[in-house]
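Engineer: Single-letter residue listing:
Number of protein chains: 2
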Amino acid sequence: MLSQALLLIRQPRKAIGWLGWKPPDLPQPLVRQLPRVIAPLGAIPQVRTAASRLAINYYAYATSPRPRALSMASDYTSWLSLTDRTFSGRHLPPATTRPEDLPSEAEVTALFRRDRETKSADTSVMFMFFAQWFTDSFLRTSRENFRKNTSPQEIDLCQIYGLGANKTSMLRAHEGGRLKSQLIDGEEYPPFLFEPRAPGGKLVFKPEFTGLHEEKFFTEKILADCPDARKDSVFAVGLEHGNSTIGHTILDAVFLREHNRIAGLLKGEHPDWDDVRLFETTRNIMIVLLLKLVVEEYIKHIGPFDFPIEVVPFIADGERWNRPNWGAIEFNLLYRWHSLVPDAIGEGSDQLKPRDFRNNNPLVISRGIEALITQCSRERSGKIGLLNTPYFLVDRSHPDDPSIEERSITLMRNARLRSYNDYREAFGLERLAGFDQLTTNKALRERLQSLYGDIDKLEWYVGIFAEEYPDYLMMGELMTTMVAHDAFTQALTNPLLARNVFNEQTFSKAGMRIITETHSLQQIIARNSTSPGDVHASFHCEQG
Amino acid sequence: MLSQALLLIRQPRKAIGWLGWKPPDLPQPLVRQLPRVIAPLGAIPQVRTAASRLAINYYAYATSPRPRALSMASDYTSWLSLTDRTFSGRHLPPATTRPEDLPSEAEVTALFRRDRETKSADTSVMFMFFAQWFTDSFLRTSRENFRKNTSPQEIDLCQIYGLGANKTSMLRAHEGGRLKSQLIDGEEYPPFLFEPRAPGGKLVFKPEFTGLHEEKFFTEKILADCPDARKDSVFAVGLEHGNSTIGHTILDAVFLREHNRIAGLLKGEHPDWDDVRLFETTRNIMIVLLLKLVVEEYIKHIGPFDFPIEVVPFIADGERWNRPNWGAIEFNLLYRWHSLVPDAIGEGSDQLKPRDFRNNNPLVISRGIEALITQCSRERSGKIGLLNTPYFLVDRSHPDDPSIEERSITLMRNARLRSYNDYREAFGLERLAGFDQLTTNKALRERLQSLYGDIDKLEWYVGIFAEEYPDYLMMGELMTTMVAHDAFTQALTNPLLARNVFNEQTFSKAGMRIITETHSLQQIIARNSTSPGDVHASFHCEQG
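Chains as they are written, first to last, in full-length UniProt numbering: chain A, 1 to 544; chain R, 1 to 544.
It is possible that part of the hints are untrue.
For lysine to aspartate or glutamate, the following DMTMM-like pairs were computed, each having C-alpha atoms within a straight-line distance of at most 20 angstroms [claimed, not checked]:
| id | chain 1 | residue 1 | chain 2 | residue 2 |
| --- | --- | --- | --- | --- |
| 1 | A | K353 | A | E117 |
| 2 | A | K457 | A | D471 |
| 3 | R | K167 | R | E240 |
| 4 | A | K509 | R | D75 |
| 5 | A | K167 | A | E215 |
| 6 | R | K167 | A | D84 |
| 7 | R | K457 | R | E446 |
| 8 | A | K221 | A | E117 |
| 9 | A | K148 | A | D84 |
| 10 | R | K442 | R | E107 |
| 11 | R | K509 | A | D75 |
| 12 | A | K119 | A | D471 |
| 13 | R | K383 | R | E117 |
| 14 | A | K167 | R | D84 |
| 15 | A | K267 | R | D75 |
| 16 | R | K267 | A | D75 |
| 17 | A | K148 | A | D136 |
| 18 | A | K457 | A | E430 |
Calculated from the structure, these hints are not laboratory results.
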């Protein structure tokens with residue numbers, strides 16, 4: 001009895017499986033009432049902690065824990081496949097389906113193309129920008145070899161600290177524990193990356209940033225779609241794509257401001273600390289703040305009914321899923337939520353079209369962070385699913401340059417992934433018996449049927465985006481399970497959350513206080529704003 | 001009740017502590033009888049497994065699990081100290097003792113110097129050679145920076161496979177999954193490293209081995225004490241020090257032969273496998289064979305009464321100590337068992353003096369592996385402790401070149417380690433109240449008393465070698481605890497032993513059979529020998 005009870009806490013999925021329980025199809029009126037029950041329940045600390053532990057373990061034990069036998073290094077287990085994390089991981093062995101038995105890549109790409117935008121139920125465009133900014137830090141496919149990656153494998157805020165100690169050093173002010181920054185009209189931003197130039201002149205990295213990115217690749221490829229007039233305000237930040245949307249720019253600036261604010265605060269409390277110690281301690285705090293936002297605000301929104309899930313202290317401590325992180329190729333692919341991208345943000349004169357919200361630092365500088373975040377938090381994103389990816393991510397902008405979605409599909413094919421149903425089984429879900437269990441959309445069902453013939457042949461990457469789901473979720477059952485599994489088992493293993501580390505020695509007294517008090521992006525933006533009353537930052541957005 | 005019982009299995013040290021149990025001082029007649037009881041008990045599989053699990057967890061939970069807050073990267077917790085394993089780990093924060101309050105390094109070095117050799121109770125010289133060969137693979141202090149290391153952090157048999165994929169490739173035959181080798185008088189050895197030369201001519205790496213080691217450093221420093229006539233038979237093996245003793249050479253050759261034997265066997269069973277798959281699968285098997293020998297033969301001998309401890313399948317699976325390996329500076333230092341080295345091996349015309357058993361591949365080739373292993377298995381090593389390190393490891397061979405023991409003491413001081421008593425406390429042992437609890441050797445006690453004044457000031461590195469211990473152990477209580485903790489929690493976390501990996505897919509059917517059937521070095525040597533009847537390989541050596 002005791003051991004069953006223990007099992008329920010430690011391995012809820014297994015226990016629930018034994019009891020024969022399945023998630024019910026809830027009637028709509030009940031679903032609409034649930035948030036009203038869940039919110040007050042979640043406000044009781046003990047309930048919140050217990051439910052968080054249950055939910056985290058439910059997903060963490062959905063499939064067998066790392067180490068996995070295979071990676072993209074080889075189709076059989078080798079020392080490389082067990083130890084070299086520059087090869088991306090893989091959850092399942094390669095498929096044995098012959099390529100000629102699959103639909104063409106063009107046919108699959110066409111399944112994603114948006115005709116008319118479908119809006120999400122309650123997800124804001126701010127969520128989309130955060131998702132992209134967050135995942136760009138650890139989902140990093142190698143440019144040279146699709147089987148490899150350049151991921152730090154940890155959530156380390158490389159967005160503002162750069163990849164590796166050398167680049168961190170370029171971004172540091174080497175004074176007071178701060179990051180380099182500049183004031184533009186009294187607002188703090190990262191420094192500019194390029195030397196000043198005559199209009200239309202050649203772009204040259206400032207000497208202090210030599211090697212921060214690969215210069216030729218950065219100026220020719222990364223900035224290929226950036227209008228020349230906007231290039232002078234490209235910021236020096238940690239990642240190559242750090243200037244690619246207004247979301248990246250806003251979030252980099254917000255986290256930079258918070259870093260420098262905390263560094264100043266620590267300096268006041270520890271006048272004897274040198275620059276390095278101030279910097280390192282601030283970074284420790286910053287990473288935990290990000291982890292808290294990710295679980296308590298971002299994953300909370302992904303989960304059903306926005307239950308206020310929390311970072312349970314030391315939850316990974318005794319768990320079999322607490323094993324070294326190793327990003328899987330499936331995680332890299334399933335996170336390509338291109339359908340979140342809206343056709344436009346807002347209306348009227350403030351409306352932002354793709355050309356406005358991409359590669360546009362001048363807009364951030366002129367409109368200001370507060371106004372843009374508020375606008376993005378009040379606009380619904382697109383709904384995750386097939387037939388809803390905007391044209392500029394599906395169609396080629398240059399005839400020889402595959403689009404973002406085409407590249408995803410090529411990568412999925414190169415990775416030779418097993419079927420949608422195989423992944424359902426591997427993640428503890430029942431195999432579907434037919435396309436009718438996948439979606440009620442008759443036209444889509446018939447299209448999939450004609451492309452694949454058999455539900456067992458449906459490709460995983462297509463299946464996870466084809467899954468229908470209720471409004472209280474924001475993606476299908478398999479994608480929810482896989483994203484939660486990979487996220488929980490790789491975020492909560494962060495060394496800063498471990499028992500020997502998560503304490504006042506690591507963060508300082510002030511740092512512990514900041515960590516305890518911070519629960520939302522809104523707080524962080526407001527306390528770094530010259531007009532805190534003007535900020536509304538939310539991943540949740542009511543239909544209106 | 002159930003949870004207490006579970007605790008006894010999962011955390012025996014804690015449970016035993018609660019019961020107030022302490023290891024008793026056993027009367028000598030009883031001690032002498034114990035092996036006669038333990039051997040038949042250990043022969044019962046269930047008893048063996050249960051006792052192994054108990055013993056492994058007893059030591060694994062002796063101190064708090066990784067991740068540790070600090071490494072040698074900084075005196076406070078930083079992202080580098082939590083993630084960059086090229087900085088050696090550390091179990092405890094730096095000492096606060098002022099260097100001027102400690103005895104001089106020369107005085108400490110003198111504590112180690114052997115006057116007359118004290119023999120171990122029952123440890124063979126073969127054990128010593130194995131210990132050195134085994135630990136040279138993962139205890140690798142950086143030459144440039146004492147705070148750093150070049151360890152692979154896993155037991156990966158880099159002794160024969162080299163450090164990293166590039167070097168592995170140089171050592172592979174690229175045919176049949178084999179390693180490069182040569183036959184000398186019908187016996188298989190690694191290839192020679194150097195181009196043939198005129199006597200006394202310049203040493204040049206064969207082109208195929210360019211970059212295997214740093215050429216200048218290798219020929220000038222590593223071979224500094226190697227007589228010129230012996231240099232032509234230096235073998236191309238994985239590690240720089242792979243030719244430094246006859247033990248290294250013998251064990252490299254034995255494991256090379258076993259690799260090529262298994263590769264041939266797999267090729268017969270899997271004619272469709274290419275060279276890479278044959279090589280990688282053989283390596284998987286080889287690493288597990290080494291892990292089995294390490295636990296079931298080597299650690300067994302270190303433990304009390306040679307209880308036949310075993311590699312319990314998946315034992316790390318549910319344990320809090322199953323965290324990424326990270327070699328600590330203390331582990332690196334405590335393993336410097338220089339006092340094991342005897343003044344000579346054997347007697348009469350076969351006697352080997354240090355100049356014979358160091359840097360002497362011609363001896364291995366002429367006498368043969370079987371004869372030398374047998375000789376080394378029949379000779380007792382020195383006893384681990386102070387005042388027992390042979391002159392050539394304590395005294396300088398060149399005036400400007402610190403000796404091996406001097407370098408160890410400098411490293412210990414640079415690492416600013418806390419006191420012996422602080423480490424006892426951290427590893428769950430009681431602090432000693434005085435030098436009389438450390439040793440009954442009156443002269444040594446008085447010397448330590450006069451050097452340190454107070455037992456609480458005794459340096460850890462001196463204390464672990466000063467500890468007196470009974471004949472059924474081979475080192476003191478704290479050193480046994482620390483070496484067992486670090487060994488178990490870093491050997492049994494090997495990915496090849498994990499639940500998703502330890503199976504027929506990883507090793508093949510033949511590989512699983514080999515793994516199951518192999519329990520001793522003796523077996524491995526015999527099955528690769530042209531005269532298997534002539535081999536006696538043992539870490540245990542009766543007084544005679």
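Engineer: Is the straight-line distance between the alpha-carbon of K167(R) and that of E240(R) 20 angstroms or less?
Structural biologist: Distance of about 12 angstroms is within 20 angstroms: holds.
Engineer: Next pair to validate is K167(A) with E215(A); report whether the Cα-Cα distance is within 20 angstroms.
Structural biologist: This hinted pair holds, its Cα atoms lying about 14 angstroms apart.
Engineer: Would the hint linking K383(R) and E117(R) be met if the CA-CA limit is 20 angstroms?
Structural biologist: Given pair K383(R), E117(R) holds - Cα atoms ~8 angstroms apart, limit 20 angstroms.
Engineer: Given the proposed pairing of K148(A) with D136(A), does the C-alpha separation stay at or below 20 angstroms?
Structural biologist: Given pair K148(A), D136(A) holds - Cα atoms ~15 angstroms apart, limit 20 angstroms.
Engineer: Measure nothing beyond the straight line between the CA atoms of K167(R) and D84(A); if it is 20 angstroms or shorter, mark the hint as holding.
Structural biologist: 15 angstroms, holds
Engineer: If you draw a straight line from the CA of K267(R) to the CA of D75(A), is it 20 angstroms or shorter?
Structural biologist: Status holds; Cα separation ~18 angstroms.
Engineer: K457(R) and E446(R) were given as a pair; does the straight-line alpha-carbon distance stay at or below 20 angstroms?
Structural biologist: 14 angstroms, holds
Engineer: K442(R) and E107(R): Cα distance at most 20 angstroms?
Structural biologist: Holds, at roughly 18 angstroms.
Engineer: Against the 20 angstroms threshold, does the CA-CA distance of K221(A) and E117(A) hold or violate the hint?
Structural biologist: Outside the cut-off at roughly 29 angstroms; violated.
Engineer: Verify the proposed pairing of K353(A) with E117(A), using a straight-line Cα cut of 20 angstroms.
Structural biologist: 14 angstroms, holds
Engineer: Are the Cα atoms of K267(A) and D75(R) separated by 20 angstroms or less?
Structural biologist: Between K267(A) and D75(R) the Cα gap is close to 18 angstroms, so the pair holds against 20 angstroms.
Engineer: For the pair we were handed, K509(A) and D75(R), check the Cα-Cα distance against 20 angstroms.
Structural biologist: 18 angstroms, holds
Hints 2, 8, counting from the list given before, are not met by this structure.
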